[in-house]
Amino acid sequence: MSAIAPERQATGADALGAPAPSRPARAAGWASYAGYGVVVLVLALFAVVSPVFTDPSNLASIINQAAVTAIAGMGLAVVIIVGGDDVVEGGIDLSVGATAAVAGSVTAVLTTAGLAPVLAILAALGTTLALGAVNGAAVGLGLRPLLATLATMGIATSLDLVISQNMKIALDGQPFTWLRDAGGLGVSGAVVVLVVVAGVLIWAFHRTRLGVNAYAVGQNPTAARVAGLNPGRYRFASYLVSSGLAGVAGILLASRLSAAVPGIGTQILLDIILVAYMSTVFSRRLVITIGGTLLAALFVTALSNGMTLSGIASQWVGAVKGALILAVLTVVVLRSKAGSR
Amino acid sequence: MSNSPVQAPVNPGAPAAPEPGRDRTSRRSSDGRAGVPRSGTVRSLDARQLVAPLALAAILFVFTLLSDQFLRADNLAAVLNQSALLALAAVAMTLVVRAGGIDLSLGVAIDLSALAAAALIADGYYAWVAIAAGLGFGALVGLVNALLIVGLRIPPFLATLSVWFVGTSVQQLLTGGGAPIYLSGPRVPEEFAFLGGSGLVAGIPVAIAAALAVALLGWALLEATRFGRALTAAGEQPRAAAIAGRRVPALTVSAYVTASLLAAIAGVLLAARTNGFVPASGQLYVLDAIGAVFIGATLSRIGRPSVPGTLVGVLIFALLANGMNLIGLSFFWQGLGRGVALLLILLAGVVLARDGGGPLRRLLASARR
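The listed protein sequences derive, respectively, from chains A and B. The numbering of the first sequence is my numbering, which starts it at 1 and goes up by one. The numbering of the second sequence is my numbering, which starts it at 1 and goes up by one.
The hints are simulated quantities; they were obtained by calculation from the structure and are not laboratory data. Beta carbons are placed, not taken as given, at the ideal position from N, Cα and C, and that holds for glycine. Don't take each hint at face value.
Said to hold, decoys possible - Simulated DEER-style distance windows between Cβ atoms:
hint, chain 1, residue 1, chain 2, residue 2, range
1, A, Ala113, B, Gly151, 49 to 57 Å
2, A, Gln174, B, Gln69, 45 to 53 Å
3, A, Gly263, B, Leu217, 43 to 51 Å
4, A, Ala116, B, Leu65, 42 to 50 Å
5, A, Asp181, B, Gln69, 48 to 56 Å
6, B, Ile243, A, Gly263, 46 to 54 Å
7, B, Trp333, A, Gly114, 24 to 32 Å
8, B, Gly151, A, Leu309, 30 to 38 Å
9, B, Gly136, A, Asp55, 41 to 49 Å
10, B, Leu212, A, Asp181, 53 to 61 Å
11, A, Gln165, B, Gln82, 20 to 28 Å
12, B, Leu221, A, Asn230, 38 to 46 Å
To be verified - Facing chain B, from chain A, some residues (calculated, C-beta under 7 Å):
hint, residue
13, Leu59
14, Leu147
15, Ala151
16, Leu161
17, Gly318
18, Gly322
19, Ala327
20, Leu329
One chain only, chain B, in its complex shape (with noise of 0.2 Å):
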């Protein structure tokens, strides 16, 4: 996975230009901007830590402000119910980011698995069959991603951007040129109406329910496991998880694999909710996804991404998209904002990072050069 093809480590002497996957954050600083290490206490908080969290508050402050709707309780859990799909997408690509790679067809194995299961329930299978092709057509695309990055060792933008392709196309040839499959009320099965929102677990709507099991489950898998700390080792510093017995490749596959599952379970989320399949939905949550992973990180003193700062992320967006329309933001603007948004946070998370200094990013930015 670190082997792009143009920087293959036939020069590990030279100063060549970072390789993907290293402390992600730090690159321009690593070469060459960084100043002199310092001495300091390694404990004390970053000041870019704090820009997502005020970010998320600041959001919160001037919509409460702008209208009198955004801070009431039922907005909020509708927020929450919107932000599930996102959440599941996102928790989805900071397995795939920790692993030093990036999913780009993640809009893909949402789009399969809601086109398997809506056009199974249209046929008039049962519930359970639809959503087990459902999440067996995400598999899928996890595993050629798998197979094209580590089997064929190209690079994880490039191959899952094909794998965007063709799966955009496959979507098409499945559709008959891109028409919409649209589920009549009477014919949907219960169980499978039960999971576009009739349903509560636990007095929780199904999505949020399992957004929440999802995480709590990935952050556990990543923050508490060996599983977790091998698989950031592999996307962090892959030769040297190599050396020290790792399998790297097998834990790459198991990042993209699991990840396509889970955005397997918000494509039949998706298919439950809205009552059928558009072609492309799918694909609008990946860039969000890759925004709210890259928030994140920047809550993170290295700069690694995580759950809880994806969840934060998510909620930024989510939070954003809901103010601007509550005020009544022409559709038209709410790109610029959230672009805006995103470019601001992120920028204030490196030049933060650059001029405030961790010291712990110092030293690593130091000892690399």
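Looking at chain A on its own, in the form it has when it is part of the complex (with noise of 0.2 Å):
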């Protein structure tokens, strides 16, 4: 499939759930949609077999619950929109999980040691950042992304081990009861930071003009360059975006925790990437794109919660997403093969 022109209105209209305004179509009709199909197929299978999981308090905890990958999601697929999507050369970030396991055991130490809330949160956040910064610079001078994030996981892991002393930090307080607990509208502080998230980054990389550039530098850094643009600064950008985004998503987790909770950066990591990568599946170009990301987290966040709730065992919910990702590649590989023709 040609993945040269950037996806731009199309896919935040697709993203957003709106009708797909008339235009050509590339693959074929019912296929760009088959995405959308398993969702409300899925969806719909829970609300038949579980009263609960329709019921609005649920669905505004899954909400809650996938604000966290769908924020580190997003920070990644900036990565690999700008980086480009080939796995092995292209961009990635193995770190994101790691990271938010730092900002969590940073805000909460700082926290216990009697720092204002917002001083832990921003210092939390200049921590990530730093470590993004260390990706940036390590991927600018030509190592490749998945051998730089591999290192910096290390290192992040190791950090937030050094910082929590692998003791759970109980992290409690104002602003971060504010991010766990349901407010006056009925939505968590969480729900407000990402839908604050989702809109700019929907909006940055599917409306404006860097975003456009952003998809031409990671789908071809020549022609880019060639056209004006420095995609060195670019894919700088995009590991600082992902690791503060990752910082964020982090502190949310502490806070809906109650607690940071070591390790954990291990445990998100997968689930982060498979929501980037699942994006692919929302999108008619079949590239990466923010709102699907944001689809994705949603919908494997409702599938871990559906599975709980029908009662099926919690050892069925990894294997379940594993064989959700092939799937979901397999569909991209065969409309992509169909497409090309």
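Build the complex from these two chains, which are given one at a time in their own frames, with help from the hints.
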């Protein structure tokens, strides 16, 4: 499939669930909605099996839980968009999970030490941005993102241990309870953060020149350079965005759990990668999109939630997620074959 | 394998993003930053080829200074013994990376084979049954990978990542939610205990002997046989290899299955060594194996992973871990040490390759533009 033209209007609209405007269809008509079809089907199934599933409070808690994966996933999506979506040579950030864990630990430790929560949060975000800068600099020097972020993943995991001394550190107090609990409007602070982050990123990547440029840099760096862009700068920025958002996600996660839990980074990493790559199913041109990542995060969370409510053992959730990635990828590969004919 | 879904070869004319598996390390410089190719002696030693040996020497030097225990024969023997399983996993990873892929599910192969072996021993089966079942489970993981990557054409990173997910889940299902299996000493057959460390082959512990044998075989296979050359070609230039009549899919399948089988050997040895099975213990080896392979790749002028290079990488990790333990560095800080070492070695390799420039590499970089 020709992934040269950056996806612009269409994705934003697709991802938000609006009907796509009439435009020359690339993939077969039915296939481009297969992703949505699967989502609707699975959700409908859960709604039938478990009456609690569609309960407004349950739906609210799904969105609340999805915030962490969604925000970190969108950060990873930015890296993949800008770095190219080739998985071995292209953009990838394996350190997002560990970075999120570091952010949680830093926030919890500093708050416990008596620092003002705002300062603790700023320090946590500063730490994650520093990790992102290391990633960006290493990639800028020519190291493959897979390896650079593998190394920083080790570094961040160790930092998390050093900071938390491998102990659970309680995190309570005002801004964190606001992030965790539903407020007056029935939404928690985490959802507000999610909406703001998603709104800004979707606008920036699917409505602006910056977004078009970012896709161009990822899909054809040489052409982008010829056209006057500086791919190196975009790549560096993408790792900062990814780490920063991972930091935000980590703080949300620690707030939700009321504690920074050591070693949680590896647990959430796979989910984050899953939702970022899954976003391609929601895109007509089979590219990673921000809106698609948001949808995928909501779907994956709903899936775990629905399986739990239906009484399926938690051990199966991992298997289903793995099968899900495979199904998604198979669809993508089959569609891209059909599209290139 | 080269066809990641989003950049299928529709526009060969356009300077598309590089494919996976082509000259791995020179990608960044190849998109335009490399200078004009100089003429030079092709034989001259590339500066970056010295990075890994120098790092190894530096680690030896520093820890010899810091700890008087470090440079002693029994300590170094212990290092070798501890690094044997990582060496097996890393040689397996070398094969796969050489074939243009990557295998994140090696840990699952290690775990499943350890699980099968430990469970069967616990149930009182003969040692050979348990070992065969362990190897079989491991090979099964490789077959699944091969099916996904060659059959369904899913990019290796994502395919093996999903197998990692599924495999972890399978382990939990088989162990009733992740309960470890412990083998009580008297019930372990002698042959199995032999693998676990009591046995010596020609005066060497079994694990080291196995790692050495596998490394030698792997080295010979990759560098001295027709199969090795075909595999390398299939990894680095899949389309050219296909045009030249190589059966790229079959080669790729063989790489993944062989790799999983090697990982399974590590798994059986792990079960024998730890006298049981702890879920997800094999996954610790995956990331180190990847690191070792790519540290080893800096030993090659064109960034090609090789078995000797990988072993250098394994030694770097093993000596670093041992040294940090000896000087009493907390476990919490050790990850930081390893991560920083990995990052610095790889960065030095990349930067020296770009600036110092092996002539051959520059030639390659400019030819592709």
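For this session: Against the structure, test the hints numbered earlier, and report the numbers of the ones violated in rising order.
Result: 3, 13, 19
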